[in-house]
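Chemist: Spelled out from the first residue to the last, the chains are:
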Amino acid sequence: MLEFKQRHLLGIQNLDVSDIMTILDTAESLAEISTREVKKVPTLRGKTVVNLFFEPSTRTRSSFELAAKRLSADIINFSQQGSSVVKGETLKDTVLNLEAMNPDALIIRHSCSGAPYFVSTFCKSHVINAGDGSHEHPTQALLDAFTIRQQKKSFKNLRVVIVGDILHSRVARSNIFLLQKVGAQVTLVGPPPLLPAEFNNFGAQISYDLDRALEGADVIMMLRIQKERQEANFFPSIREYRNLYCLTQKRYSLANKDAIIMHPGPINRGVEISSEMADSVKSVILKQVENGISIRMAILYLLLGGKERETAD
Amino acid sequence: MRLLIKNGRVVDPSSGIDETLDILVEKGKIVDLRAKIESNNAQVIDASRLVVAPGFIDMHAHLREPGQEDKEDIRTASLAAASGGFTSLCAMPNTQPVNDNRGVTEYILSEANKRSRVNIFPVAAITKNLKGEELTDMADLFSAGAVAFSDDGRCVQDSLVMRRALEYSNFLQAPIIDHCENSSLSQDGLMHEGFYSHLFGLKGIPSSAEDIMVARDIILAEAANARIHIAHLSTRGSVYLVREAKKRKVKVTAEVTPHHLVLTDSALENYSTNLKVNPPLRGQDDVQALLDAVKDGVIDVFATDHAPHTQEEKDVEFDRAPFGINGLETAVSLLLDKLVNKNIISLPRFIEMISTRPAQILGLKDKGRIAPGADADLTILNLHKEVVVDVHLFLSKSRNNPFHGWKLKGAPTMTIVAGKAVDPCS
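Chains as they are written, first to last, in the numbering used here: chain A, 1 to 313; chain B, 1 to 426.
Hint data in this document are derived by calculation from the structure and do not stem from the laboratory. In this text the structure is predicted, and so the values were computed from the model without any measurement. Any given hint could turn out to be false.
Claimed, not checked - Using C-beta positions, here's what the derived DEER-type ranges look like:
#  : chain 1 : residue 1 : chain 2 : residue 2 : range
1  : A       : 226       : B       : 285       : 45 to 51 Å
2  : A       : 153       : B       : 404       : 35 to 41 Å
3  : B       : 223       : A       : 215       : 53 to 59 Å
4  : B       : 310       : A       : 121       : 56 to 62 Å
5  : B       : 139       : A       : 237       : 49 to 55 Å
6  : B       : 385       : A       : 226       : 52 to 58 Å
7  : A       : 122       : B       : 208       : 52 to 58 Å
8  : A       : 201       : B       : 383       : 35 to 41 Å
9  : B       : 139       : A       : 239       : 36 to 42 Å
10 : A       : 201       : B       : 404       : 51 to 57 Å
Glycine residues also receive a C-beta, built at the ideal position from the N, C-alpha and C atoms.
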């Protein structure tokens, strides 16, 4: 097994390039399992994983669940509805109670930035951040990187354009950190209130003009735009947003030949991306979903499998 | 009972005194101040190698009583104050019920009389229930003992209400203290808006939320020829506005907290809720502007904004924790270590900002100075004493202080209130 020195997966910021490559390489070797007739290996048999989702999610939660099951770990799902949280239990107490049942890993999705870090300060299990507030969504960035590498072979000098609500996007942040670490060039595009000038200091280029930013792009990553941002006047109307930032065939033609189209989902057809583009042969949106399972299997394997080996030595 | 404090370095900025003198105290008043006083029936305190200053006055503290005694009460706040070198505290009115009527003011004063070890001066609300709509009965509150008016924790958003408050209270010798925050700009922000809020994914509170209200208050105070005191100044922009207003002789004064002088927004990387405070910890350039303003007199006062909260309230997700830092027991050592001992400001300037100026602004004529006839409220400092902050040793009920473990040089060693040394541990 490849060496992995992290105890938790809290964010891309805490990882170095070798950690990232270890995860991607491990995911690549595990991908084959999902294509078998019997999609299961006994690697994590006897391990218990808790899906602790304080925010609605279907894609990420199911992806972690399948990843755990394909490695034979037991997984339970916890969601805020119908839990003690609605009775006023704090996050700390919820986690301590779950921990009393001796799980090996907690996968946490939470609307508050820093919540997985907070949990990691007092719990014994491995903590995996499945998205915290506007902070990070590390497994999404890893599966995006996996998909990009699959399509483009190398990250070196690859031009990646990320378009949309950068300010509130944990997907954007994790991708900015990851892609720059591995040598890609990132350009951020969006309406100015959703793309503050301070993002310059992240090392990324900033542009408010999608057409210009698409010139020479190898990867186009569209982000979901939420209606409540328009209601809070971050941009005037969906109509205007579509006019300026929707990925259409015409705009796509400005990018490099063979540029790939990505989206973390769920997509708003006809708002940030036209149906034509979402369904085009250049779209890898469903490949991202597929690769998500391999990445999450790799994370579980590296965090839980490695530990056992250490203690066995 | 007479008290004789001998051989101390007496520093009184109001008179410019900075020399080794003896102080004789009788019946709660200073009766003599000169070199080598002899008295054979006085208790003697040897203050050799120590600094004797007029008692420190914290213009901005949340005592939490009545209503939130799980966080703090008048007695524990007073013990924390005495331990931290303060002889007087201003009690902000955002209690439950709010101090917006004579009954609450009288309650605070009567409880303070029974249970406090330091002087307590109530600050009454500007508007009823801190709603920013109707003015309180300000003259009645003043006569009941309020020394200032503030809706602290909130800011009066309606400029006409603020205008009327400034005009109306102008005939009372009590300033309006404003917590400057435009709530439509700050919204539900959690930390200073800037590179670090974007990095940590925490909703930002822009500097403009403070600057706009500081500008408004200065404009309104100037028009009404009234006094305005700006609470916990935190931005470069506010410093600029106050500096320009002072040049025009507007009656504006301002305070700054120790935490805004020694911490920046980058410290929030671990999402520590003990660093969640409003106004938020700002950027490095803001801190530099605040330090410059402390040096050149644009900022008048050091105040703690002591805001105790329980462990349970703070041991949660960053978004869900209340704002506030427990500051009474670390303020003096922080300022001595980070400002005085590092020669950013002189010792007399420090004492001026934590005693002389607060007394002047609040109209406490017998406090904030060392002279025959003045109240015998004194703070004795050891500039060389090294302390390690340990929140578990706090006398406050709460522990929400981000300086735990900090090594600091310079500390209060004795707090004398009305001629009696307060032993906070007794």
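Chemist: So, for every hint listed, does it hold in this structure?
Modeler: For each hint, the structure was consulted:
For residue 226 (chain A) and residue 285 (chain B), the Cβ-Cβ distance of about 33 Å falls outside the hinted range of 45 to 51 Å, so the restraint is violated. With their beta carbons about 51 Å apart, residue 153 (chain A) and residue 404 (chain B) fall outside the hinted range of 35 to 41 Å. Distance hint check for residue 223 (chain B) and residue 215 (chain A): the Cβ-Cβ separation is about 55 Å, which falls inside the suggested range of 53 to 59 Å. Between residue 310 (chain B) and residue 121 (chain A) the CB atoms are about 18 Å apart, so this pair departs from the stated range of 56 to 62 Å.
A hinted range of 49 to 55 Å holds for the C-beta pair residue 139 (chain B) and residue 237 (chain A), which are about 52 Å apart. The supplied range of 52 to 58 Å is met by residue 385 (chain B) and residue 226 (chain A), whose beta-carbon atoms lie about 55 Å from each other. Against the hinted window of 52 to 58 Å, the Cβ-Cβ separation of residue 122 (chain A) and residue 208 (chain B) comes to about 37 Å, which falls outside the hint. Against the hinted window of 35 to 41 Å, the Cβ-Cβ separation of residue 201 (chain A) and residue 383 (chain B) comes to about 40 Å, which satisfies the hint.
Range check, residue 139 (chain B) to residue 239 (chain A): about 57 Å between beta-carbon atoms, so the 36 to 42 Å window is missed. Look at residue 201 (chain A) against residue 404 (chain B): about 30 Å separates their beta carbons, and that is not inside 51 to 57 Å.
Going down the numbered hints, you'll see the structure goes against 1, 2, 4, 7, 9 and 10, while the others check out.
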